[in-house]
Amino acid sequence: MDVAAWERQIRPIYDALDTGSNKSAILSCNKLLKKYPNNDLAKALKALAMVRSQKVEESLILCDEVLARKPTDDATLSAMSHVLRGLGRHTDVVKMFEDAFKAQPGNEEYAAQTFFANARIGNWRAAQQIATKMHKTFSEDRYVHWYVMAVLLQAKDPATPEKMRDLLHGLAHRQLLASPSPSYVLADRLYQHLTVLRELKLYDDAQKLLEHDTGKVMYNNSLVVDELRRELWQSSGRWTQERELAVQRITEKKDRNWLEFLSVLDGTFAGVASSAETSEEARADCKEQIYKTSELFTRVSEEDGLKDRSGLLGLLELAKRSKQYGFSPDFTELVLLLQKYWHKFGDKACFYEDVKPYLDLDADDLSRWVSFLDSQQPSYDTEAHLRRAINWHKTRRFTIPETEITPELESARASQYIKAYIAGLPLGNKLPETELQPADDLAILAAHAFISSWSVGGSEKQLYNASVILEYGLTKSRHSYHMRLLLIQIYRLLGASSLALEHYRDLNVKQVQNDTLSHLILARVSTFSLAGSGDITYSNECLESSHIYMNNSQETSDWIVRAFTQEKYSQIPDLIALEERLDNSLQRDLVKLEHVRMRFTHEPINSELIDMELIELKFNFDRFHHDNRDLDIISNYQPRCSKSTFEQSLLFKKLPGSGWLFAFLKIYIRALQHASDVDDTVEAKLLIGDRPKQSHEPEMQRPLKERLATRKQAELDELTPSELAVYDFATALGDWLEPHHDYIRPPPSKVLADASKQAEAKTGRPLQGIDATDSATNGQSKKDEEAPQVREVPVSIAGFFDDMLASFKKLVEEGALPPELLHVATLTQEALLLFSIETMRFKPASIVKMHKLGALVADCKTIRAKAVATLKEMTTELTKISEKEGSSERRKAFVQECRVAQEDGQIDHDFVLNIAKRVTDSRKKVQEGMAKSIVKICSKDA
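Quick note, the sequence shown lines up with residues 1 to 942 if you use full-length UniProt numbering.
Distance condition first, Cα-Cα at most 20 Å in a straight line; then the derived DMTMM-like pairs of lysine to aspartate or glutamate: (1) 618 / 583; (2) 348 / 303; (3) 750 / 611.
The calculated label-pair distances, taken between Cβ atoms and stated as ranges, are: (4) 640 / 205: 42 to 50 Å; (5) 647 / 372: 26 to 34 Å; (6) 166 / 37: 52 to 60 Å; (7) 479 / 170: 51 to 59 Å; (8) 18 / 559: 19 to 27 Å; (9) 163 / 698: 12 to 20 Å; (10) 275 / 681: 57 to 65 Å; (11) 502 / 887: 18 to 26 Å.
The hints are simulated quantities; they were obtained by calculation from the structure and are not laboratory data.
We treat Cβ as the ideally placed atom computed from N, Cα and C, and that holds for glycine.
Hey, can you work out the whole structure from these sequences and the hints?
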């Protein structure tokens with residue numbers, strides 16, 4: 001066929017795919033396939049359009065047809081790689097490019113694509129073999145370094161035995177020595193060579209490379225090489241050399257990188273830090289080095305003046321370490337240096353963060369430091385004075401003793417901070433709206449004091465005042481993310497979840513921040529979810545925050561490939577670590593579980609939903625998780641004897657972690673296993689795509705049933721009392737019903753045969769490798785063994801709903817915050833849903849009759865009736881509370897409780913009333929909505 005004519009016919013398909021017009025692309029492919037029924041490219045593009053249209057079963061047939069023909073043209077290979085990655089069939093991508101490379105062994109592009117396909121899935125052993133073959137065939141030096149990189153990464157793989165790692169590093173070393181060009185030609189090649197030498201502990205060989213003229217140029221101009229050089233010198237005990245180089249850079253090159261100052265300090269104390277017992281000679285030498293270091297940093301501090309803080313900070317660190325290693329009897333010198341730092345840099349915004357590590361003083365020195373601070377008088381007449389005043393308040397607050405932290409005193413301090421904030425506001429009157437006010441930190445300090453007051457026994461009004469001052473601060477600095485972060489915490493505590501979500505969205509979280517920050521709004525988010533009544537706001541938020549994980553699996557591997565092609569070997573381990581941390585993110589699976597909890601309140605509970613979620617949750621249960629959450633992003637200006645602001649404002653005082661996750665995974669996996677006909681045999685046959693990498697942790701190698709039955713104290717410690725009650729309920733329920741599930745469940749052959757018939761009805765072809773003849777039986781035939789006896793309902797099941805109702809009523813009587821009530825109500829609702837999942841198998845009358853389950857079903861009806869009655873009583877109370885919440889009296893009370901925030905008259909009554917209306921309306925919405933949601937679920941379950 002004429003190339004131009006073919007291009008004209010195929011171009012509309014590419015255009016349709018590029019614009020997301022998948023239906024149009026499929027129609028164009030069908031027209032083309034009528035003319036050319038065996039055209040691989042047309043089939044591949046049609047399969048791609050089908051994958052993007054979620055027509056997975058149909059695309060699988062086309063995929064298998066194209067793969068069977070072993071394509072070798074670029075266009076088809078490119079299209080198929082997109083299709084197979086979309087289906088999660090990464091090993092098939094490797095096989096496809098391997099076949100193409102075998103067919104055309106002189107094609108360097110196919111060789112590279114085969115290497116990259118293995119790199120994308122972490123198959124480094126195969127990648128080594130391909131790189132070796134490429135070097136022999138195409139004689140390019142870079143392929144030696146591809147081989148070495150693959151060897152290093154295989155050695156780093158947890159699956160690689162310890163003894164094998166030294167052997168692999170030795171292979172990499174020999175390959176580098178045999179390379180025709182020296183490694184110091186490129187900085188990243190030198191970095192790679194030094195990495196191999198570090199792993200083999202060949203420090204002298206590494207030193208020879210670094211002492212070479214080119215090596216010196218490299219580490220003086222490349223940050224990654226210099227970082228590795230520093231590590232090598234320190235590991236090999238070259239502290240003197242490291243110290244001398246750092247001193248040279250500081251004095252001659254005027255380098256003010258803090259790492260250089262740390263190198264000087266580490267070298268100073270190296271002789272006494274390496275062991276618990278040191279000789280007098282070593283201590284004398286260290287004392288001499290301390291004197292020299294002090295002279296150096298003093299000289300740097302005097303030369304730099306106000307331009308740079310490194311010299312004086314170095315002196316602070318020197319004084320701290322001198323005390324730590326017994327070279328200074330007390331912190332007197334440190335206090336004097338702190339005073340000097342105050343006079344010199346007290347008007348810098350970073351002052352508090354700079355000195356905080358050095359404020360862990362003993363009683364006498366702390367008293368001297370406090371006396372010094374109290375002798376200073378804060379002023380707010382210039383911006384520099386304002387910054388100094390802010391630092392004074394932060395530093396003075398840090399020194400407050402535990403005896404002076406009471407609700408009344410903290411509230412009084414908050415009032416003081418508000419007055420200071422109002423006094424400093426005029427200095428920012430002329431700033432553009434996009435700028436932050438210089439007085440912002442005083443408003444944040446006030447909020448911290450209010451939160452502290454509430455946490456040590458103060459009333460709810462302290463949180464009201466905190467919300468008012470922060471909302472007022474946002475009218476002056478609308479881009480202050482520190483204020484928004486605090487408001488998210490406060491509004492979740494108050495039960496105003498829609499306002500918390502509003503502020504979270506205003507943070508404009510991007511990319512990997514969805515992994516590090518989404519816990520702020522999505523931790524235990526099902527407590528506020530109204531999905532049962534049709535409001536899927538939080539379900540959508542879970543899905544949106546999870547896009548980063550899909551992008552990670554697609555994009556990070558592309559970055560790794562790009563790093564190989566551009567020979568950026570220093571970046572590859574970090575990119576792989578990023579991919580690994582996101583693939584096995586704790587937050588990813590916490591969000592997934594919250595989404596599952598909400599999904600069961602919103603969608604009909606059927607076998608398709610149960611099977612889908614069961615498979616994914618089992619994958620999550622097999623992971624070793626990385627906690628990437630940023631738990632320090634919320635500023636902390638609390639006294640040193642107090643918990644951090646984040647801990648004080650944490651919902652239910654407990655942050656869900658891996659223990660919480662595994663506890664709830666056990667609850668749901670076990671319940672879904674009981675309700676599902678999909679066992680391991682069926683799952684292995686029906687699963688599309690590659691299975692996720694298995695963790696090599698010993699715990700993960702135990703049988704699933706054994707792991708599900710194991711209770712760990714670390715997991716229980718992360719649960720609230722109500723969550724623990726649900727865990728106990730679900731465990732008892734599973735133990736009670738499990739024998740009946742195991743007896744009634746159809747055999748795998750019957751399940752697979754039914755799945756094959758469904759696939760044939762949908763696509764016209766049965767599933768490959770499955771015998772459909774087993775579908776002739778209905779799967780309900782009587783078994784040879786005796787049916788299990790119906791046992792009495794365990795006490796822990798029968799009394800669960802009474803206990804939850806009692807807890808709910810007690811919280812109402814105590815005037816607990818709305819989230820506490822919602823927590824108990826939503827968990828009681830969740831228990832009913834788990835009960836529905838566990839008993840779904842026993843609903844068909846034919847099953848009940850065949851297996852004589854009448855008594856069991858009667859017991860289940862009694863439990864369900866009790867659950868529904870309990871939940872309806874809770875909804876009645878929630879409705880009453882929501883009506884009070886939305887009243888004008890409630891708003892008026894809110895305004896009256898905020899007297900502290902309104903003391904100076906700057907924050908007027910109307911502003912506070914508006915905040916009161918928004919808070920009470922938000923609380924009313926979630927309480928009223930939760931009541932309706934529970935009623936709907938009860939009626940649906942009935």
